[in-house]
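K.L.:
Sequence:
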Amino acid sequence: MATIKDVAKEAGVSIATASRVINNSPNTSQAALDAVQQAMTKLGYRPNANARALVNKTTNAIGVLVNDASAPFFGTMIKAIDTIASEQEKQLLIGSGYHDPDKERNAINLLINSRCDSLVIHSKGLADQELVAFAKEIPGLVIINRVVPDIANRCVALDNYRGSYMATEHLIRSGHRHIGYLCSSHNIDDAHDRKRGYLDALATHGIEYRDEYIEYGEPDEMGGEQCMVNLLAKNTPITAVAAYNDYMAAGCLALLQENGYQIPDDLSVIGFDDGHIARFIYPRLTTVRYPIQVMANEAVKLSIKLANEADHKPDEHKLFMPILVRRASVARPK
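So in the UniProt record's numbering, spot 320 of the sequence shown is number 320, and the numbers just go up one at a time.
No lab work stands behind these hints, which were simulated from the structure alone. What you are looking at is a predicted structure, and each value in this text was computed from that prediction instead of being measured. Hints are supplied without guarantee of correctness; some may be wrong.
Straight-line C-alpha distance at most 30 Å; calculated DSBU-like pairs for lysine-lysine [unchecked claim]:
id, residue 1, residue 2
1, Lys42, Lys90
2, Lys103, Lys195
3, Lys5, Lys90
4, Lys124, Lys79
5, Lys234, Lys195
6, Lys334, Lys313
7, Lys301, Lys79
8, Lys90, Lys234
9, Lys305, Lys103
10, Lys136, Lys334
11, Lys124, Lys305
12, Lys301, Lys313
13, Lys124, Lys9
14, Lys124, Lys313
15, Lys42, Lys5
16, Lys301, Lys334
17, Lys234, Lys334
18, Lys301, Lys124
19, Lys136, Lys9
20, Lys301, Lys90
21, Lys305, Lys79
22, Lys136, Lys124
23, Lys103, Lys136
24, Lys334, Lys195
25, Lys195, Lys79
26, Lys136, Lys79
27, Lys301, Lys103
28, Lys79, Lys90
29, Lys90, Lys124
30, Lys90, Lys103
Taking the hints into account, I'd like the entire structure generated from these sequences.
P.N.:
Laid out in structure tokens, this is it:
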């Protein structure tokens, strides 16, 4: 394998000159540039990415931290970031934190050690103070789906409370008074905010909260199915169910249909996120749209701008608004 010494010898220049060409340094003559590039092609020389990063103090990579890269929601987020990264001729380095503080911390440190100067971080496990410390170290760090007060102008978030309130209110305005709620069992702000939106919508409309109407489970299809099993077992008089997300709603729908329920004639169901699954289950799911693609675009553009412009001072945090998407899984109760 050819080395930089071989390239310099073939090009008839010093190793220092060859290094300047390879690392795109200024003040290099066109003759030296041509000679080194021809030598690299002839010898099949490939610059060492880590060595170049040490010289340039950065890489052409954007670091991304998500909860679970295999989850469709985060796949959509990653795809949106990658689209912008490709336009900037950058590559993605991706870490998964699984809402665990140790895993999130290790992943962020790995991205920083890989010399990513732009970072888009989806963190639910780390304390605000630790994220602030990381942000002080990396000017291009942006938080998505969370507001950290001390660095609020580097946060891009959704009003989860408003989205859940909106979903519950839609069921109420459709005539429902007995509304179950499938809540995520994860101890994160999203789960707390969405449950609070459900409870406040009931209170606003004078509907008494009933603890037996709420079930907790993993925020996936299996969790939604098990929550619905528990609600049915309690023989509650619910006529509608609001779910933490579309995947819990899909599991709920499948369980109800397997037990002879007609949706929405016998029971209405509303989800949250408006992921791909919402449009391809039957009946098509009424839900609340989480504009993760737009949010991810905003986050990565801000991250790149902060990394490139040290004096850039963004405005207050970007708070995106959810949108109700009416489809076929909600109707008036009989």
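K.L.:
Keeping to a limit of 30 Å between CA atoms, is the pair of lysine 301 and lysine 124 held or broken?
P.N.:
22 Å, holds
K.L.:
Given the hint that lysine 301 pairs with lysine 334, does the C-alpha gap stay at or below 30 Å?
P.N.:
Violated, at roughly 49 Å.
K.L.:
Hey, lysine 124 versus lysine 313, does the alpha-carbon distance stay inside 30 Å?
P.N.:
25 Å, holds
K.L.:
Can the restraint linking lysine 79 and lysine 90 be considered satisfied, given a maximum Cα separation of 30 Å?
P.N.:
Satisfied, since the Cα-Cα distance of roughly 13 Å is no more than 30 Å.
K.L.:
Can you confirm whether the C-alpha distance between lysine 90 and lysine 103 stays at or below 30 Å?
P.N.:
25 Å, holds
K.L.:
Verify the proposed pairing of lysine 305 with lysine 103, using a straight-line Cα cut of 30 Å.
P.N.:
Since the Cα atoms of lysine 305 and lysine 103 sit roughly 27 Å apart, the hinted pair holds (cutoff 30 Å).
K.L.:
Can you confirm whether the C-alpha distance between lysine 90 and lysine 234 stays at or below 30 Å?
P.N.:
Measuring from Cα to Cα gives roughly 54 Å; hence the hint is violated.
K.L.:
Are lysine 334 and lysine 313 close enough, with their CA atoms no more than 30 Å apart?
P.N.:
Not satisfied, since the Cα-Cα distance of roughly 55 Å exceeds 30 Å.
K.L.:
Need the status of pair lysine 136, lysine 79: alpha-carbon distance at most 30 Å?
P.N.:
27 Å, holds
K.L.:
Could you grab the alpha-carbon distance between lysine 305 and lysine 79 and see if it respects the 30 Å cut-off?
P.N.:
19 Å, holds
K.L.:
Between the alpha carbons of lysine 42 and lysine 90, is the straight-line distance 30 Å or under?
P.N.:
27 Å, holds
K.L.:
Sort out whether lysine 103 lies within 30 Å of lysine 301, counting only the CA atoms.
P.N.:
At roughly 26 Å apart (the allowed maximum being 30 Å), lysine 103 and lysine 301 satisfy the hint.
When the structure is compared with the earlier hints, violations turn up for hints 6, 8, 10, 13, 16, 19 and for no others.
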